[in-house]
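Undergrad: If you're matching them up, the sequences are chains V and U in order. Here the first sequence is numbered in the numbering used here, starting from 16 and rising by one per residue. Here the second sequence is numbered in the numbering used here, starting from 86 and rising by one per residue.
In case anyone wonders, no lab produced these hints; they're calculated from the structure. There's no promise every hint is true.
[Unchecked claim] DMTMM-like, lysine to aspartate or glutamate: derived pairs with alpha carbons at most 25 Å apart:
| id | chain 1 | residue 1 | chain 2 | residue 2 |
| --- | --- | --- | --- | --- |
| 1 | U | Lys-628 | V | Glu-61 |
| 2 | V | Lys-62 | V | Glu-188 |
| 3 | V | Lys-62 | U | Glu-624 |
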Amino acid sequence: MNRGLWWLLWWLLCWPLAAGAADDTLTTVMQRLAEVKTVEAHFQEEKNLAMLQQPLHSSGELYYRAPAYLRKRTLQPQPEDYTVDGDWLTVEMADGGRRDLALSGHPQIQPFVEAMRATQAGDRATLERFYQVDCAGDAAHWQLRLTPRDPMATRYLTAIVIQGRHGWIDRIETLEADGDRSLMTVTPR
Amino acid sequence: MTWPRRWSIPLLWLLAALLCGAIVLKTPVVADLTLFVPRDDPVAELLLEQLRSGPTTRLILIGLAGGSESDRAVASRALADRLRADHRFSRVANGDDTLPETELRTLFAQRYLLSPTVDPQRFSVDALRTALQQRLRELQSPLSVVQKRWLPADPTGEMLTLLRIWQGGLRAPAKRLGVWFAPNGDRALLLAETRASGYDLAAQRQVVTAIRAAFAAASAGTPIRLEMSGPGVLATLAEDTVRSEAEWLSVLAGLAMISILLLVYRSVRTVWLGALPMLAALLAGAATVGLLFGQLYALTFAFSMTVLGETLDYPSYLFSHRRAGETVTATLIQLWPTMRLCAATTLLGCLAMVTPAMPGLSQLGLFTMAGIVAAVATTRWLLPALTPADWRPPRPIGSGAWMDTLLIPRPRLALTIGGGALLILLMLALTAPPLWEDDIAALSPIPRPLLQLDQQLRADLGAPEVGQLIAITAPDAETALQRSETLARWLDARQAEGLLDGYDAAARYLPSQARQHQRQAQLPDPARLAENLQTAMAELPFKPDLFAPFLAAVAAARNAAPVQPDDWRGTLLGARIGLLLSPSAHGWTALLPLSGVRDPQALAAALPAADGSAIYLDLRAETSRLAADFRATALQRFAVGAALIVAVVWWGLRAWRAVAAALTPAVIALIFTVALLLGLGERLSLFHLVALLLVLGIGVDYGLFFSRPVADPLLRRHTLHALLVCCGSALTVFAMLSVSALPALHAIGLTVSLGVAASFIAALAAARPMIETMS
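Generate coordinates for the entire structure from the input sequences, incorporating the hints supplied.
TA: Structure follows, in structure tokens:
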């Protein structure tokens, strides 16, 4: 038997194993994340936009409470507050303006919320409803690549890449369809 | 009787019947409720136009119930997609109001003409800098991904303003999973607007079938149920219900009548002889209405049931009065004066209903008149031509002594009944119970459960049931829009005062051309705008050439042709405008639906200050008022009919005593009937009134026959026999109608069966005593 055929056989044997291993990692990561009930953290965000001559920087605080409460409180350069609780998104602006909207009524916003919230909640079913999830690494150093399933969403979003260790999210990188990207780094408070 | 003469009458009858049949077959049947609304009122006319062909009549309300929430949402999207691809629908809304890309681009291209925030200050250095800083903040937000595409060509954010206006509108149903749901979440809601009028039954039938098919495809494999309502759907369902109900009721009633005839006269011949006047009445009535109106109203059909009841009386008079040694023709000649008078009273009663102001009522009147004439003529001339001269029903008539007992005059009973009637009248006058049904829906031939579903869906959808609105009619669309703009400013002020929650207007989406020209004039010239922008951008991190598309767009907008209603034809934008601004009989009509009006009367009273010729419509109050007006007119006509009946009875009898004897029982019967109806908790509607007119006719008939100056006691027995048969058959038939689920048939059935019984008792008790005690 020649080498090529051996290789092929080897691949056929190993491929399900490898896939199974990745799947296994994802399950473990999701479990670890699900075990976390509250998170309080600082974040730094850098946005690189084609429209601007220099990147936009912002920073603030993140709060999470299992299973469905997530708050992104921007402090710099101007205060802004985004709170998601269940199906409701509340936006509070620096000028005191406030908007409440139901996520289910805004299908273009929900994927962004779930990328972060469902990941931290370890809610794989919800995550996979919006994204194709590719997992790399191991439970100690993992990376999830979320590719949107909805063709509407792919028009402006290429992927969201999340890196972390065990039950902690370190970085969230958003890759937009037009080449713009933003990177959020999360550190414990 | 010679052969040619003997056969000429049946031949003539047959020819006439065939002719009438041909006319009837060519006459379309319509279920248009608006035929019953008076025609000589400008507000009513506007309302009618809305009721008849306005956008609201073309709405189909759809509910998807059962299954899981996401099942329903998915089915809602799939169904909406399918229906949007169907050219028979001008609009399909399910809450998924994201404008298609092409329409977003249209809106974007026209933003400087459409946006209300465009004014001279909008493009100053300060305003531009503020706007740019705002855009920069938005870029920082997590939501910027979706919004930033418009930024380079629209730094002042006009598109955001336009989208906010588009998504605003009047209150819309709550959304779940991106589509409309009922407040409790158990059904997904859709709204489809058909191109065809709600009263174009053939088209509506197709549309309903199309929705069913689309639903079957969209919901395959799920346990979701389809619920549908709306004027068109109800009209088709009503037609089906009326038809099936009328069919089985008429079969039952026919069987009952045949049994009565067979039982009483023991002769098959009476059955088909009795059917001939009835057939003649139906054909002649329908053909006359068809010839004069070109269409038959479905309710006229329902009413034809009552005519059937009365036409059986004429042959019964003949059958019961047959005696040995007298030819059929001789019996008829002897009965003729009374029969003629009976027919004449009914005819004149119905003549009162014929008025050009009310096509629906006129149809009922004409139908009955033609039917009565045909039935009487058939009894008088066709029946003797079809029977041997000495034919008699085999059953001996008037043999029982019980008849004589019944016929003994009982003045005391008569006085009691008369006194009782007076007492009831007094009580009615004193207590003044709620008498009239002013809900126009009660005229509807639609069964209650369907109406309840309709109300439920309407309540769930919220928006389409517009209770309060302001209507503007203008010679052209531009004038209508300009006046809407003035009114909108006035309404804004009233809204600020808290007099109402909100309003909608075509001008919100599409400003008048005058307003658009005004905005164009306010746009800065390219050089100045570029300079202002340059200054405003200093120290901000935007790339230098980023806003070139903005400069180009403003320059282009300065010379663009203003947007007109036609430019948006066939789009979602156009559909939204079409609901609020549409061509009408006298030019264009703009509607401004209002929501949350605190005090409609005060707002209506203040309206002339803003626009002298705008009309404030409180649809519910207005329809109730129309129903009341209509009832008042019908009542007036009823009075005229009653007066005509008195006149013709006087003309026929020429003696006040006889007139009183013939009419008093009928009046007593009417009083008792109304009292009984009210006692049963009924409210009087059009159908009750029309049926009461019929009761009056029947009561006068009974009174005339009972008070006939006849010396021969045997003949009196014959009369009693005839009237017993008439009363018995009428009671049987109308009691059957009274159990019908259709409000119209129920009302007619109940009223007539009560009325017939009351008439018979009153006539038997009062007619003879009055003649005899007075003579």
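Undergrad: Taking each numbered hint in turn, which are not upheld by the structure, reported in ascending numerical order?
TA: none
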